[in-house]
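Undergrad: We have chain A already, so just place chain B on it with the hints.
2 protein chains.
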Amino acid sequence: MAVGQCSFPVMHPVPGITLGSANAGIKQTVRDDVLVIQMAEQSTCAAVFTQNAFCAAPVHVAKANLLHAPRWLLINSGNANAGTGEQGMTDALTSCAYLAEVVGGVATQVLPFSTGVIGQSLAIDKIKSVLPTIINNLSLDNWTKAAQAIMTTDTFPKGVSKVIDIDGQTITINGISKGAGMIQPNMATMLGFIATDAKINQSLLQNCLALAVEQSFNRITVDGDTSTNDACVLMASGCSLVPEIKQGTETYRIFSDAVMTVCKQLAEAIVRDGEGATKLMRIVVEQAASAEEAVRVGKTIAHSPLVKTAFFASDPNWGRILAAVGRAGVENMVLEHVQLYLDEVCIVRNGGRADDYTEEAGQQVMNQEEITITVKLGRGSTVQEVLTCDLSYEYVKINAEYRT
Amino acid sequence: MAVGQCSFPVMHPVPGITLGSANAGIKQTVRDDVLVIQMAEQSTCAAVFTQNAFCAAPVHVAKANLLHAPRWLLINSGNANAGTGEQGMTDALTSCAYLAEVVGGVATQVLPFSTGVIGQSLAIDKIKSVLPTIINNLSLDNWTKAAQAIMTTDTFPKGVSKVIDIDGQTITINGISKGAGMIQPNMATMLGFIATDAKINQSLLQNCLALAVEQSFNRITVDGDTSTNDACVLMASGCSLVPEIKQGTETYRIFSDAVMTVCKQLAEAIVRDGEGATKLMRIVVEQAASAEEAVRVGKTIAHSPLVKTAFFASDPNWGRILAAVGRAGVENMVLEHVQLYLDEVCIVRNGGRADDYTEEAGQQVMNQEEITITVKLGRGSTVQEVLTCDLSYEYVKINAEYRT
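These protein sequence lines are chains A and B, in that order.
Heads up: the first sequence runs through residues 4 to 407, numbered per this note's numbering.
Heads up: the second sequence runs through residues 4 to 407, numbered per this note's numbering.
Be careful, since some hints might not be right.
[To be verified] Listed next, the stretches of chain B that the computed footprint assigns to chain A, with coverage defined by at least 3 CB atoms under 8 Å from CB atoms of chain A: (1) 42 to 56; (2) 80 to 86; (3) 313 to 320; (4) 381 to 389.
Because the hints were derived from the structure by calculation, they are not lab data.
All C-beta atoms, glycine included, are put in the ideal place defined by N, C-alpha and C.
Chain A on its own, in the form it takes in the complex:
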């Protein structure tokens, strides 16, 4: 159950970035569940992490190690190593040490990431046992397997590959992500790994990532729950022949736009694969007085179980959308100034149903798999977009049976 085209693209190799994965038996599937990404020496690396006050152990370690010029990412799926207390911290640190030993590096150069069930001990011996094989098989071409290895309840692997041309030389940007549930990223998504061969210093790379994440992963929501393990990493190997990217240049603008596009596509893929999703809803809030209020209105609509179930049922029950706008907490909003559209069909105008609205027109839009809800607040000129999906029986089923 996923909305629309979800095929995995051809991933161009990113010079300086190699990947390897294996099945360590952490997840109860035949899919790989441990992934290592290796960056060339001199790479720079940026990352953003969950704003959940209760970060998982690997998030604490990755945040600290980000300052030590990381060379390796060690990722496991099937277990989040969250809510695991002191043992969890020890396990995260030990798993980094295991990898450092195999690659002949230092433990602080490893960023650990975990995703899966909360509150269970991580089987680090299982991870240890597969590391030599993984390192032996590191390759530029393992992107598809890597995208599969980080999946949990995702129904398809998510990847984007983009090559940009700068004065006859190329920069490649690849990204993979996973999502599905507990998705309302706040400063980062569940897990997103983006790699490029661009040469760019760490602080500029960090700015570039933060900006892209704010407009992509931070604008999607499946169920309003922010994970304890959210993280998004942008690695730059510096192996491209394009000269170093400097702040304020045209090259930076092009590069930054490309990173934004990759993030937006990965974020959209997460919503398309939202747990139980049958519809993709693009909520565009226009004429807002500020970005903050636009996002607030967009997310209030996106989180409403009544709106989400109405979309699941293809029911143009616009009263629920209007009620959500009304309770978003925007002060001095005037109902008479608000307009509501489903795609191009105007539903609400002048405080009530638009004169020319017909149920048939609304129904026709609702029957689609992808729908744009546009709310014009009549308060200003700011526009923001939030992506979400519907709430189906399947969502309840998946989450009621998650651990069984």
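TA: What follows is chain B alone, placed relative to chain A:
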């Protein structure tokens, strides 16, 4: 589908308060859908209304008429008269005028209330046609029919009746309410009507209601959606032989406590009858630094679809509760200071699973219909309670099929 004992109690008559209802065909059921409550002359009346920015037309009219010593409440179910623009305002005002004509009163003495589908015109002619019959049959004993007449997707009528003794004389307090969906009242619940024969001035009555609502209806949530039509009314006929209740007296304290109890029981009944509910969750947040942060943590847990589906599945997936606490937006929260209990079973302590916790013990609690989740934040001494229910297939079914 409702949780626990939901039988309708014996309702004592409230001197000075008469009720009458009829089936006007607004709702597509055989149940009555129009209710009139008449207060004796000299009654006082307090009310609180939804904080949704887009109030329904009847809410606007009721707010205004509250200042004109109301004598009648005119309530219909099946149609919310919300999102109906100017026509909706005209309809609300006209329906008040119709009632005033039948009873020989003034339209401004009528408070109108509507609940049901949003965005459709109210058939006020249907209401008009049943008013003479209703007024002819006003009676002290119609509480059960009244509670049934205000139901929408509720599966049982909700009522509480309480008699308190003051120096050998009695005061009766009756309440009825309706809820089921779009339930996260904010300053009032969906619809609650409470009547007493106490003699008490309007401003003290308003204080009493506001306090009771804050700790009852404003502490429950089914789906996090705040309705456009929420309202709660407290009527006092003054017909009791107990002398007028004055501020700061012991009698006021007893009366106020009784009103609070009635409101809490009505609020709990709404959660027990939450759409698709199979479990009642009482979320107690202790050791908070303030009431605001306690309620915030409680509501974040209560709104998490992941928590709600885990409870539906009777799965002690406490990681989801912990993740919700973590994303509640409370600053400087320390995971190591937080404790989590399911009933008496301690699950989380010292940042991870409690040493003595067993899945069996957690499972045993989860198998119950009613469960108390206690979160101790380790930050202060404030305690607040939030009530909610689980998220089931039935919730999706009810809301996907609401208009069909």
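Undergrad: So, for every hint listed, does it hold in this structure?
TA: We went through each hint and held it up to the structure:
1. As drawn, the stretch 42 to 56 of chain B meets chain A at 3 residues by the rule of a beta-carbon pair under 8 Å; at three or more, the given contact holds.
2. Look at the stretch 80 to 86 of chain B against chain A: 3 of its residues bring a Cβ nearer than 8 Å to a Cβ of that chain, three or more, so the hint holds.
3. Chain A is given as covering the stretch 313 to 320 of chain B, and this holds because 5 residues of the stretch bring a CB closer than 8 Å to a CB of that chain, at least three being needed.
4. For the stretch 381 to 389 of chain B, the proposed coverage by chain A is not satisfied: 0 residues have a C-beta within less than 8 Å of a C-beta in that chain, short of the threshold of three.
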